[in-house]
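2 protein chains.
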Amino acid sequence: MFSRYSSGILRSLIRTMSTTVPENAAASVVATAAAATTVPKESSPAQAKQGKKSKKAEQQFLLKTPKGTKDWSDKDMVVREAVFKSLSDLFKRHGGVTIDTPVFELREILTGKYGEDSKLIYNLEDQGGELTSLRYDLTVPFARFVASNSISNIKRFHIAKVYRRDQPAMTKGRMREFYQCDFDVAGNYDTMVPDSEILNITCEGLVGLGITDFKIKLNHRKILDGIFEACGVKEEDVRKVSSAVDKLDKSPWEVVKKEMVIEKNQPEEVADRIGEFVKWNGTIREVLALIKGSELLIANASIQQGVSEMEILADYVDAFDINKYARFDLSLARGLDYYTGLIYEAVTEASAPPANASELKEKAQKEKGKSAEVEDASEYVGVGSIAAGGRYDNLVGMFSNGKSIPCVGISFGVERLFSIIKARAAKDLENLSANHTEVYVMAFGGGEGWNGFLKERMTVTKKLWDAGINAEYLYKAKANIRKQFDSAEKSGAKLAVILGKEEYPAGKLRIKVLGQGQDSDEGELIDSETLVESIKTKLDAHNVDGLDYITRLVRGL
Amino acid sequence: MFSRYSSGILRSLIRTMSTTVPENAAASVVATAAAATTVPKESSPAQAKQGKKSKKAEQQFLLKTPKGTKDWSDKDMVVREAVFKSLSDLFKRHGGVTIDTPVFELREILTGKYGEDSKLIYNLEDQGGELTSLRYDLTVPFARFVASNSISNIKRFHIAKVYRRDQPAMTKGRMREFYQCDFDVAGNYDTMVPDSEILNITCEGLVGLGITDFKIKLNHRKILDGIFEACGVKEEDVRKVSSAVDKLDKSPWEVVKKEMVIEKNQPEEVADRIGEFVKWNGTIREVLALIKGSELLIANASIQQGVSEMEILADYVDAFDINKYARFDLSLARGLDYYTGLIYEAVTEASAPPANASELKEKAQKEKGKSAEVEDASEYVGVGSIAAGGRYDNLVGMFSNGKSIPCVGISFGVERLFSIIKARAAKDLENLSANHTEVYVMAFGGGEGWNGFLKERMTVTKKLWDAGINAEYLYKAKANIRKQFDSAEKSGAKLAVILGKEEYPAGKLRIKVLGQGQDSDEGELIDSETLVESIKTKLDAHNVDGLDYITRLVRGL
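As given, the protein sequences belong to chains P and R, one line each in that order.
Heads up: the first sequence begins at 83 in our numbering, then just goes up one per residue.
Heads up: the second sequence begins at 83 in our numbering, then just goes up one per residue.
Wrong hints could be hidden among the right ones.
Any copy, or any two copies together, can satisfy a pair, since identical chains are not distinguished.
[Stated by the list, open to error] No more than 16 Å apart at the CA atoms, straight line, and that leaves these computed lysine to aspartate or glutamate pairs for EDC-like:
1. 583 <-> 444
2. 201 <-> 248
3. 618 <-> 606
4. 448 <-> 286
5. 509 <-> 351
6. 157 <-> 400
7. 332 <-> 512
8. 594 <-> 208
Just so you know, the hints here were simulated from the structure itself, not pulled from any lab data.
Please read all numbers here as calculations on a predicted model, not as lab measurements.
Let the sequences and hints guide you as you build the complete structure.
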């Protein structure tokens with residue numbers, strides 16, 4: 083397929099592609115003589131940027147998905163659907179109702195909600211009419227939804243794609259188009275009551291996916307902001323100092339301190355003071371004891387308020403028996419502007435970057451050349467948090483002339499969960515079929531006047547469909563036995579229904595259990611009239627424990 | 083909320099909004115003093131187009147979704163999810179596997195695939211990097227997927243959103259962001275075998291949604307193009323004449339003829355000849371007989387080929403017993419460029435525009451003023467086709483250096499199906515709860531030392547969740563009985579579990595059936611140990627026929 087290109091061009095094309103194309107998608111260069119297309123090939127993103135166009139009789143373009151996106155298919159898709167089902171069942175179990183908002187919002191709805199990350203928002207082209215942007219998360223659209231429908235309380239869940247023009251790390255599940263699975267509670271309720279249920283949902287959701295080696299890092303914005311204040315940070319600098327602290331899960335303290343002092347103009351002694359406190363972590367009650375033991379901190383009004391809320395939370399975390407997962411960690415900051423209270427992130431071992439991350443990153447950048455952006459960061463980043471969220475009491479108010487509806491929520495990162503589950507279940511996945519076919523309908527015959535019974539196979543299969551049974555047959559008028567068995571095996575069907583040249587006209591059908599070698603037995607001859615009933619009985623016998631294969635696989639059973 | 087604006091500005095804002103905002107979303111003007119936003123309000127689409135910006139201390143913007151889009155929530159969402167489930171079960175029943183492709187594609191992938199409709203494609207802004215566009219349908223991304231993964235055969239389904247910058251008609255389910263539910267078969271198979279199964283899937287899918295008063299209009303591109311050829315249309319004019327004929331479901335012949343003669347430069351006698359043939363419709367065999375009776379037509383090689391394929395199809399349609407739904411209609415053209423064989427559209431009575439459509443359209447335009455675009459066309463258009471598709475044998479080849487994989491598929495228009503189901507089931511929807519809550523956990527007590535049993539309610543509810551039971555409780559430390567019963571009723575729960583001030587510490591819980599008036603009975607006192615078991619038994623008793631309420635509602639039972 084590549085033969086018509088000079089190897090030099092090819093090498094450079096392939097280099098561009100190699101890190102952005104997912105494992106299961108073969109990217110290729112396409113030349114279309116059909117020329118229905120009128121836009122000529124842009125041979126590199128840089129050239130595309132300049133908008134250069136040149137007419138050619140023959141069209142060429144890269145056959146791939148955009149950077150940071152991928153196709154999902156086959157077994158991956160079956161696993162991901164099972165993860166979605168597990169999470170939406172979880173959300174329904176907790177009283178959630180689901181909503182769906184548009185993929186793009188009026189641009190002004192998103193503006194000013196994401197702090198330093200606003201630069202990662204995808205804009206739609208101005209083609210006349212409104213200015214719009216792809217949603218960056220599901221939280222801001224939810225707040226807009228609550229405000230525009232004047233809702234006073236709701237437990238809503240939303241499983242949908244969001245978009246960020248970020249550095250992708252495809253094999254770590256960090257992508258430009260990715261799913262979020264969000265559960266949020268909006269409404270005026272007693273302190274920490276919905277918050278603690280959200281923490282319980284996070285634990286229940288992860289355990290339900292067979293993930294038990296996680297920790298939920300907790301912090302409270304009022305305590306964190308109070309620490310900054312107590313250490314001497316000016317009010318207007320709090321958010322930018324906070325976003326530096328947010329990098330502590332990826333960078334060592336020295337790097338973060340440098341950012342604070344040099345980029346963010348904080349006196350060195352202020353940074354050092356902060357450095358002492360953000361090291362504290364432990365159980366909720368342990369860290370509360372440390373804070374209350376610090377005269378500097380406990381004198382701060384904001385910290386006092388945060389501490390009293392965390393004390394209430396500690397009680398509820400006990401009632402839900404999830405203390406073993408919780409870790410109060412004063413270094414947790416969360417980048418987004420809109421959080422106002424409790425914040426949290428679930429992490430596993432896979433969340434952290436490799437120990438020699440900075441070395442690997444330097445190497446990748448050296449290979450790429452100083453000017454070019456590294457296409458994929460999978461080698462030197464971790465999976466990151468697998469679920470994260472917090473309380474945001476003022477966001478709805480930004481859309482409703484200040485009439486606030488307090489909210490708290492959690493967002494599960496499905497791609498990241500998926501990469502953990504896939505690694506864990508690699509072996510079990512071999513036995514998984516992407517199809518849901520239960521029965522394969524075939525005809526056996528031959529000799530004079532044999533027409534392959536295509537119409538008869540159609541009629542019989544239709545009876546199965548109408549009874550709600552998943553069934554296929556070969557799309558050939560005449561098909562030999564071997565081909566039909568091969569297709570049946572590929573389809574994952576458990577049973578074959580066989581129309582014999584003599585048997586079928588005599589009102590008989592043969593049912594054979596598949597997967598036991600095609601010659602092992604003759605199957606069972608039944609009256610055609612009893613087909614549906616016989617099939618249903620035999621399929622029931624295949625079910626074990628009331629749980630199908632994929633459910634057990636995703637739960638890690 | 084509106085008080086700070088002059089009533090003149092307000093009136094014009096409200097007028098702009100009134101037709102684009104869906105029934106369930108209250109649009110409002112928002113003034114945010116918080117001023118975290120930096121982009122000022124654009125007071126009208128026209129102004130936005132000019133890109134004018136002016137700094138204001140106070141931000142104002144319209145609180146709505148972009149034109150032609152809407153939020154989905156509450157019962158609508160429950161019905162739509164049930165429609166999705168019905169269709170994905172259908173697709174799995176026929177051996178389908180599902181895939182997921184990105185919402186945006188490299189722009190050159192979409193270019194030149196949609197004929198006159200290409201102007202409706204949404205582009206993403208060039209923010210550096212690749213040029214991309216939102217997908218216009220799921221078919222072209224599917225062909226790109228097949229080519230880039232070198233797939234030789236697949237039955238795939240895909241339920242996802244697509245985007246068209248078209249004139250919306252919101253209450254008719256014609257939107258700029260809408261779902262398609264597609265099933266396509268790719269691979270080399272015997273003539274009309276997958277095609278006929280796709281027709282059967284269309285019928286099975288609609289009947290499964292309780293829609294039985296539909297017809298599937300059929301035509302064959304080889305016959306249609308042959309008619310144009312036989313009537314004297316030049317080869318290079320065939321597609322544009324075809325796209326004029328495609329408008330016959332919305333406009334009378336005189337209007338279409340005018341387009342052919344004046345806009346598309348066809349001689350009047352050519353148009354008149356075409357006009358005779360595109361009137362023909364009936365059963366497959368009836369129209370085949372008419373074509374074979376015409377010396378002009380049957381002499382054409384392309385028509386001969388189409389006729390022989392339609393004869394095979396007629397047999398398979400008989401085998402599936404779906405002849406009563408099929409209507410061979412020579413006026414069906416389908417706008418898209420990529421079809422090469424059989425084409426079809428399912429229509430119901432709601433598909434057609436109102437009898438006085440052109441009158442209503444003129445009125446709407448007059449009201450709006452000549453220059454302005456009518457915001458919503460719901461008044462004067464029909465729902466349109468509720469499912470449509472066809473064979474496209476060359477599309478994959480456009481992505482794979484000409485290596486063709488023949489394809490045939492169907493796309494269900496969910497929003498349109500939804501609007502039909504919602505109109506039919508309006509009364510039943512009153513009894514539908516958007517929640518899935520089964521049990522509400524409450525505490526009864528009072529007097530000295532009564533603390534509301536919040537932690538105890540948490541512990542008991544947690545036991546239910548862990549057993550997979552959907553359960554809620556009131557997010558208040560202390561809550562009176564009335565409030566708890568009110569919330570239980572809102573949640574749609576069938577059972578209440580009551581923690582009594584004396585009973586609970588004694589190891590007892592009370593279970594009460596809800597929805598029978600709160601004072602009707604005392605409920606049943608059980609041992610706390612047997613809670614999960616008792617609840618499961620009582621919930622089972624609520625199930626009828628093995629089908630839940632929403633399934634029956636969507637099936638029209």
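Non-conforming hints, listed in increasing numerical order: 1, 4, 5, 6, 7, 8
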